[in-house]
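As given, the protein sequences belong to chains A and B, one line each in that order. Quick note on this note's numbering: the first sequence kicks off at 45 and runs consecutively. Quick note on this note's numbering: the second sequence kicks off at 45 and runs consecutively.
Any given hint could be a false lead.
No copy labels: a pair is met if it fits in one copy or bridges any two.
Claimed, not checked - Each computed BS3-like pair below joins lysine-lysine, with the alpha-carbon atoms no more than 25 Å apart:
| # | residue 1 | residue 2 |
| --- | --- | --- |
| 1 | 229 | 370 |
| 2 | 397 | 362 |
| 3 | 391 | 74 |
| 4 | 229 | 362 |
| 5 | 362 | 309 |
| 6 | 370 | 219 |
| 7 | 74 | 309 |
| 8 | 219 | 391 |
| 9 | 219 | 362 |
Derived by calculation from the structure, the hints in this document are not laboratory data.
2 protein chains.
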Amino acid sequence: MTRQAAQPTPFHAVILAGGRGTRFWPRSRKRLPKQFLPVIGNRSLIQQTAERLSALAPPERLWVLTNEVLRLQALRQLPQIPRAQIIAEPVQRNTAPAIALAARLLLEQDPNAIMGVFPSDHYIANPAVFLRVLRRAVQAAEQDRLVVLGIPPRWPETGYGYIEFPVGTQSRGAKPAPVVRFREKPNLRTARRFVQAGNFYWNSGMFVWRARVILEAIERFMPATAGVLERLVPLADRTFRRSLAENYAACDDISIDYGVLERAKNIVGFPCPDFGWNDVGSWDAVYNLMPRDNQGNVSRSPIVVQRSGGSYVDAPGKLVALVGVKDLIVVDAADALLICHRSEAQKVSALVKLLEAEGLEGLL
Amino acid sequence: MTRQAAQPTPFHAVILAGGRGTRFWPRSRKRLPKQFLPVIGNRSLIQQTAERLSALAPPERLWVLTNEVLRLQALRQLPQIPRAQIIAEPVQRNTAPAIALAARLLLEQDPNAIMGVFPSDHYIANPAVFLRVLRRAVQAAEQDRLVVLGIPPRWPETGYGYIEFPVGTQSRGAKPAPVVRFREKPNLRTARRFVQAGNFYWNSGMFVWRARVILEAIERFMPATAGVLERLVPLADRTFRRSLAENYAACDDISIDYGVLERAKNIVGFPCPDFGWNDVGSWDAVYNLMPRDNQGNVSRSPIVVQRSGGSYVDAPGKLVALVGVKDLIVVDAADALLICHRSEAQKVSALVKLLEAEGLEGLL
Numbered sequence: 045m046t047r048q049a050a051q052p053t054p055f056h057a058v059i060l061a062g063g064r065g066t067r068f069w070p071r072s073r074k075r076l077p078k079q080f081l082p083v084i085g086n087r088s089l090i091q092q093t094a095e096r097l098s099a100l101a102p103p104e105r106l107w108v109l110t111n112e113v114l115r116l117q118a119l120r121q122l123p124q125i126p127r128a129q130i131i132a133e134p135v136q137r138n139t140a141p142a143i144a145l146a147a148r149l150l151l152e153q154d155p156n157a158i159m160g161v162f163p164s165d166h167y168i169a170n171p172a173v174f175l176r177v178l179r180r181a182v183q184a185a186e187q188d189r190l191v192v193l194g195i196p197p198r199w200p201e202t203g204y205g206y207i208e209f210p211v212g213t214q215s216r217g218a219k220p221a222p223v224v225r226f227r228e229k230p231n232l233r234t235a236r237r238f239v240q241a242g243n244f245y246w247n248s249g250m251f252v253w254r255a256r257v258i259l260e261a262i263e264r265f266m267p268a269t270a271g272v273l274e275r276l277v278p279l280a281d282r283t284f285r286r287s288l289a290e291n292y293a294a295c296d297d298i299s300i301d302y303g304v305l306e307r308a309k310n311i312v313g314f315p316c317p318d319f320g321w322n323d324v325g326s327w328d329a330v331y332n333l334m335p336r337d338n339q340g341n342v343s344r345s346p347i348v349v350q351r352s353g354g355s356y357v358d359a360p361g362k363l364v365a366l367v368g369v370k371d372l373i374v375v376d377a378a379d380a381l382l383i384c385h386r387s388e389a390q391k392v393s394a395l396v397k398l399l400e401a402e403g404l405e406g407l408l
Numbered sequence: 045m046t047r048q049a050a051q052p053t054p055f056h057a058v059i060l061a062g063g064r065g066t067r068f069w070p071r072s073r074k075r076l077p078k079q080f081l082p083v084i085g086n087r088s089l090i091q092q093t094a095e096r097l098s099a100l101a102p103p104e105r106l107w108v109l110t111n112e113v114l115r116l117q118a119l120r121q122l123p124q125i126p127r128a129q130i131i132a133e134p135v136q137r138n139t140a141p142a143i144a145l146a147a148r149l150l151l152e153q154d155p156n157a158i159m160g161v162f163p164s165d166h167y168i169a170n171p172a173v174f175l176r177v178l179r180r181a182v183q184a185a186e187q188d189r190l191v192v193l194g195i196p197p198r199w200p201e202t203g204y205g206y207i208e209f210p211v212g213t214q215s216r217g218a219k220p221a222p223v224v225r226f227r228e229k230p231n232l233r234t235a236r237r238f239v240q241a242g243n244f245y246w247n248s249g250m251f252v253w254r255a256r257v258i259l260e261a262i263e264r265f266m267p268a269t270a271g272v273l274e275r276l277v278p279l280a281d282r283t284f285r286r287s288l289a290e291n292y293a294a295c296d297d298i299s300i301d302y303g304v305l306e307r308a309k310n311i312v313g314f315p316c317p318d319f320g321w322n323d324v325g326s327w328d329a330v331y332n333l334m335p336r337d338n339q340g341n342v343s344r345s346p347i348v349v350q351r352s353g354g355s356y357v358d359a360p361g362k363l364v365a366l367v368g369v370k371d372l373i374v375v376d377a378a379d380a381l382l383i384c385h386r387s388e389a390q391k392v393s394a395l396v397k398l399l400e401a402e403g404l405e406g407l408l
């Protein structure tokens with residue numbers, strides 16, 4: 045025990061980067077989805093994620109779970125991470141198998157490893173506060189707990205799951221608190237009630253736990269996935285990729301929330317203080333995150349404006365002229381141009397489905 | 045006289061093509077203005093104009109007055125016209141000197157020549173009716189009259205001049221009628237009165253007269269311009285271009301309307317039947333001239349639409365996705381993208397002035 049205190053448990057960060065981000069079409073493509081785009085600032089969201097985590101997890105303890113199409117992009121954008129730690133799922137499964145696989149690989153390196161799980165496509169305005177919370181979460185995880193980070197809700201969002209804490213739970217000090225229940229995406233009325241109640245937090249999709257502890261839970265609740273892990277050869281083995289390809293499809297296609305968290309008993313939550321978390325869910329979210337000019341426009345390109353405001357413009361290499369228009373999303377690509385009312389920014393994914401249905405594969 | 049009846053007076057068509065058409069930015073540029081663009085159909089407006097007139101004036105009797113920057117484009121687009129008849133004004137003057145110059149050059153070829161004057165950037169939906177009217181106008185011009193074509197007004201336009209005919213004048217039969225007065229661009233109230241009165245017609249900018257007769261009027265009302273014509277060497281002379289360059293600037297900078305028509309006595313008007321004349325004054329005019337799809341969109345590019353209608357889209361080589369937007373003009377070019385509410389399409393020229401003021405010469 046004294047040895048552990050002197051030499052803290054190694055923290056590994058696992059970044060989940062298999063998403064498609066269709067709401068960011070036409071910029072986001074199958075081969076270059078949202079997490080690999082510089083939608084906020086000059087570096088991509090995954091680069092910002094890796095950089096933010098580097099204070100706790102240097103590159104040799106960073107892991108990326110992605111798919112075969114995106115692995116090349118991840119290698120390009122994250123050259124600091126050892127290549128073997130950028131892992132492609134042979135087929136798409138949900139978050140639980142990806143996390144289970146990562147846990148299994150970490151465990152090969154270190155039986156005491158703590159792992160944090162992080163989406164690759166979120167934005168955090170205040171990394172210092174985030175890191176302070178994360179350090180506390182790591183301490184809680186050392187007690188063999190499954191730690192879930194909750195975000196104080198800023199509006200009655202119906203697109204997120206919620207974590208219910210005991211009535212009166214406060215985010216001050218970021219102390220762990222028992223989780224009463226996980227709540228699925230609510231309707232608007234329920235979401236409003238959650239926000240007013242004060243003890244409901246957004247489920248951030250960020251988790252911290254010992255690799256060993258999450259694997260124990262997986263063995264208990266997800267035996268098919270556990271079986272796959274058992275059949276896998278070690279990462280260092282030259283047949284690892286083939287072994288993964290042959291076995292991974294047998295994993296449960298389920299999220300970590302449904303697969304483990306809603307069933308496990310050793311869950312603890314962190315009602316986090318507000319560190320400016322944003323899942324950057326649409327172009328409208330980007331508009332809201334970026335500084336506006338006097339007319340309320342946000343632009344990455346030179347614009348000339350007459351009686352026009354409230355718009356987001358991204359048209360590389362072009363001047364964009366807006367005349368008498370309001371609240372638009374304008375995103376120009378070489379082969380496609382999106383013009384969308386800001387209030388409909390969520391519908392862009394439906395648009396991509398439409399393109400898919402029409403067989404316009406080249407535009408996806 | 046019998047000889048003239050047997051061999052009709054040769055009709056020459058003079059096409060004025062020096063305009064800039066800034067309201068069609070970003071498609072329209074200094075080197076490729078509106079008249080050279082296929083804004084309606086697949087051929088440019090000037091090509092359509094030349095083709096329409098070819099029934100009365102074969103290529104050897106077609107003349108184009110343009111400027112030095114645009115002459116190359118005119119030569120390219122109108123290869124059927126003898127090169128010498130595509131004439132560049134050395135400096136920009138208004139319509140009166142251009143028409144005077146053309147008249148002088150026609151007269152060199154034929155002392156009896158009748159000339160029609162036509163803008164290069166208008167659209168005529170029903171050329172057969174137009175040609176019928178034009179033939180009658182030529183007959184009236186043979187009586188040494190200055191003939192002005194009037195268009196029956198379809199709305200109280202404040203952007204055009206009007207021709208006032210005697211009360212009760214009808215367009216039926218397209219007979220010439222005396223012109224009571226030319227009226228400058230009216231305000232909306234006056235324009236409404238004109239349209240209701242029924243004896244006010246839009247001044248189309250199309251004229252027919254003998255070259256000799258218009259030159260007599262120019263000598264009388266515009267002595268400076270007449271002096272320039274006197275000093276010019278003949279078109280066939282190899283020093284013609286130098287002679288034009290040295291003298292043309294001394295011409296009066298005035299329109300034919302102010303310079304001649306409002307002062308001459310031998311004017312006669314044609315209250316034309318409606319032959320679908322349109323001066324295609326803005327992108328909104330293009331929208332209104334083209335067939336719409338079920339959502340009321342007009343597009344020259346493939347579009348994918350969700351809850352969007354009433355828009356005009358032109359983005360070569362691209363798919364354009366419209367989501368939740370209405371009544372937009374979208375015109376995409378390599379270096380610029382215009383997004384303009386249809387109701388503000390007239391303001392595009394002000395936008396071009398703004399670009400000019402900001403020194404963005406490369407975009408003009």
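Hints versus structure:
1. In this assembly of identical chains, residue 229 and residue 370 lie within 25 Å of each other by CA distance neither inside one copy nor across copies; the values are 31 Å within and 32 Å between.
2. Within a single copy, residue 397 and residue 362 get their C-alpha atoms only as close as 28 Å, which misses the 25 Å cut-off; across copies the closest is 18 Å, which meets it.
3. Proximity of residue 391 and residue 74 under a CA criterion of 25 Å is satisfied intra-copy only: 18 Å inside one chain copy versus 40 Å between copies.
4. With identical chains, the CA atoms of residue 229 and residue 362 are never at most 25 Å apart, being 40 Å at best within one copy and 37 Å at best between copies.
5. For the identical chains of this complex, residue 362 and residue 309 are neighbours neither inside a copy (56 Å) nor across copies (54 Å), given an alpha-carbon limit of 25 Å.
6. Proximity of residue 370 to residue 219 under the C-alpha cut-off of 25 Å is found in neither arrangement, the shortest distances being 44 Å within a copy and 50 Å between copies.
7. For the identical chains of this complex, residue 74 and residue 309 are neighbours neither inside a copy (38 Å) nor across copies (73 Å), given an alpha-carbon limit of 25 Å.
8. With identical chains, the CA atoms of residue 219 and residue 391 are never at most 25 Å apart, being 38 Å at best within one copy and 59 Å at best between copies.
9. For a Cα distance limit of 25 Å, the shortest separation of residue 219 from residue 362 qualifies neither inside one copy, at 49 Å, nor across copies, at 53 Å.
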